[in-house]
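When you get a sec, could you build the whole thing from the sequences and use the hints?
Here the protein sequences come in this chain order: A and B.
Heads up, the final residue of the first sequence is numbered 217 in our numbering, and it's a clean run with no missing numbers.
Heads up, the final residue of the second sequence is numbered 214 in our numbering, and it's a clean run with no missing numbers.
Read the hints as simulated data drawn from the structure, not as lab findings.
Each hint should be verified, as a subset may be incorrect.
[Claimed, not checked] Reference listing, derived: stretches of chain B covered by chain A, where coverage requires no fewer than 3 residues with Cβ under 8 Å from a Cβ of chain A:
(1) 62 to 71
(2) 145 to 156
(3) 174 to 184
[As the list claims (entries may be wrong)] To give an idea of the chain A side of the interface with chain B (calculated C-beta under 10 Å), a few residues:
(4) GLY76
(5) ALA174
(6) LEU185
[What the hints assert, rightly or not] Stretches of chain A that chain B covers, calculated by requiring three or more beta carbons in the stretch to come under 8 Å of a beta carbon on chain B:
(7) 68 to 75
(8) 159 to 167
(9) 199 to 210
Positions of the beta carbon are idealized from the N, C-alpha and C atoms, including for glycine.
What follows is each chain in one-letter form.
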Amino acid sequence: MTWLTEWAGYLPQMMSGLSVSLLIAGVSIVAGYPLGLILSVMVSAKNLAVRTLALAVVEIGRGAPALVILYLFYYGLPKFGIAFESITAACLALIWNSAAYSSEIMRAGIQSVGRGQLEASNALGLAQRHTFFRVVLPQGLRSAIPGLMGVAIQMFQGTSLAYAIAVPELMKSAYNIGSQDFNYLQIFTLAGLCYAAISMPATWITVFFEKRLARHA
Amino acid sequence: MDALSAVLQGLPMTIVLTLSAFAIGIVGAVPLAVGLSSSNILVRLACRLFVDLVRGVPIIVWLFLLKFGIQIGTFKFNPVGAAIVGLGVVSVAYLAEIYRGGLQAVPRGQGEAAHALGLTRGTTFYGVMVPQAFRIVSPSIATYLTGLLKDSSIASTIIVAEMVFQSQSFARQHPTVEGILPYILVGILYIALSLPVAYLSRRLDSRMRKAVYA
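Shown next, in the form of structure tokens:
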């Protein structure tokens with residue numbers, strides 16, 4: 001019971017940290033997914049330069065650990081005189097991450113649209129632009145929904161890495177509280193439960209969508 | 001080149017962390033996957049709750065919990081121990097989910113046929129289901145291994161001297177333009193390290209395909 005009363009005391013500070021975590025996750029998703037869509041189109045472009053650039057952005061965003069990209073923005077770029085506030089650096093790094101991961105998922109979704117759809121649009125005389133935006137994209141993104149939700153959860157959990165560059169998010173709040181009275185076990189358990197309270201239901205909703213989409217496939 | 005040799009000093013630790021956690025995961029996930037596909041609903045739910053809980057908490061929280069939160073008598077985790085156990089537990093949960101998916105993907109008829117042939121339950125599971133499931137999940141396991149390699153970088157936050165930690169300390173000592181180099185190099189190294197895993201996985205996959213269909 002003592003844990004619960006202590007947790008209740010910690011909660012206000014934890015909640016302000018959680019709101020920062022959610023903000024960073026929200027920004028990285030809202031800005032990252034449209035960028036991901038653009039990248040997914042660029043990756044299959046005819047122009048070699050465009051394709052190579054997009055591929056490099058995607059492969060670095062997926063292949064390098066998020067922590068490294070975070071450090072690159074926060075500790076690396078200032079050495080060239082480009083300095084960010086810690087929260088901006090965290091947002092930029094996670095936007096890159098989410099754009100890279102989501103672009104692969106959207107590309108797979110777009111590619112899964114049947115050839116017949118394209119042929120039918122062509123036969124109906126739809127312009128290429130209309131074929132893409134009205135026929136291919138809606139179907140492709142629909143099948144990408146569960147994957148994109150998965151990336152969103154991954155991004156939310158990834159915000160915990162922003163602790164390493166002193167962003168006042170959930171993990172940092174927990175550490176601050178912990179270093180006051182050394183209740184590390186209690187406080188990190190609470191932090192874990194805060195993350196799980198959001199990630200777990202989100203995972204269940206994702207699984208639900210996966211099953212629903214599979215039913216129509 | 002100073003930057004490169006600084007980063008490379010952390011390479012052995014990165015590999016030790018990744019492979020130790022992977023070893024824990026590969027073995028520990030087996031009973032959990034069996035529990036996840038158990039016909040007993042209580043066992044299934046308990047395993048499901050464990051897997052979802054472990055996966056729902058970011059790795060950095062697990063590492064801090066183990067490093068700072070655990071104290072049993074005089075025992076405390078050292079950074080490397082906490083990192084290996086933390087990454088190991090997370091791997092157990094992720095790999096169990098991968099195994100379960102593989103077991104589920106084996107056609108029902110295989111189990112029924114084995115039963116009809118009078119094979120024992122143990123033989124059915126280990127001789128019929130597991131080999132087929134492994135073939136299905138081997139690419140996912142390889143993907144997870146590359147993910148784990150990247151996640152091992154989080155150990156730098158609890159002062160394990162792996163590649164990212166070494167990059168950090170090099171960058172701190174070089175406040176000039178040179179200080180950005182280790183971050184770029186370490187990023188490239190992670191990508192380079194995941195290439196052989198992808199290559200070996202593809203070779204394993206194609207070899208197993210040949211073994212089945214040739």
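The hints, checked one at a time:
1. 62 to 71: holds (count 7)
2. 145 to 156: holds (count 5)
3. 174 to 184: holds (count 8)
4. GLY76: Cβ of A/GLY76 sits 4 Å from chain B, so the hint holds.
5. ALA174: Check passed: Cβ of A/ALA174 comes within 8 Å of chain B, closer than 10 Å.
6. LEU185: holds (4 Å)
7. 68 to 75: holds (count 5)
8. 159 to 167: Satisfied; 4 residues make the cut.
9. 199 to 210: Since 4 is at least three, the answer is holds.
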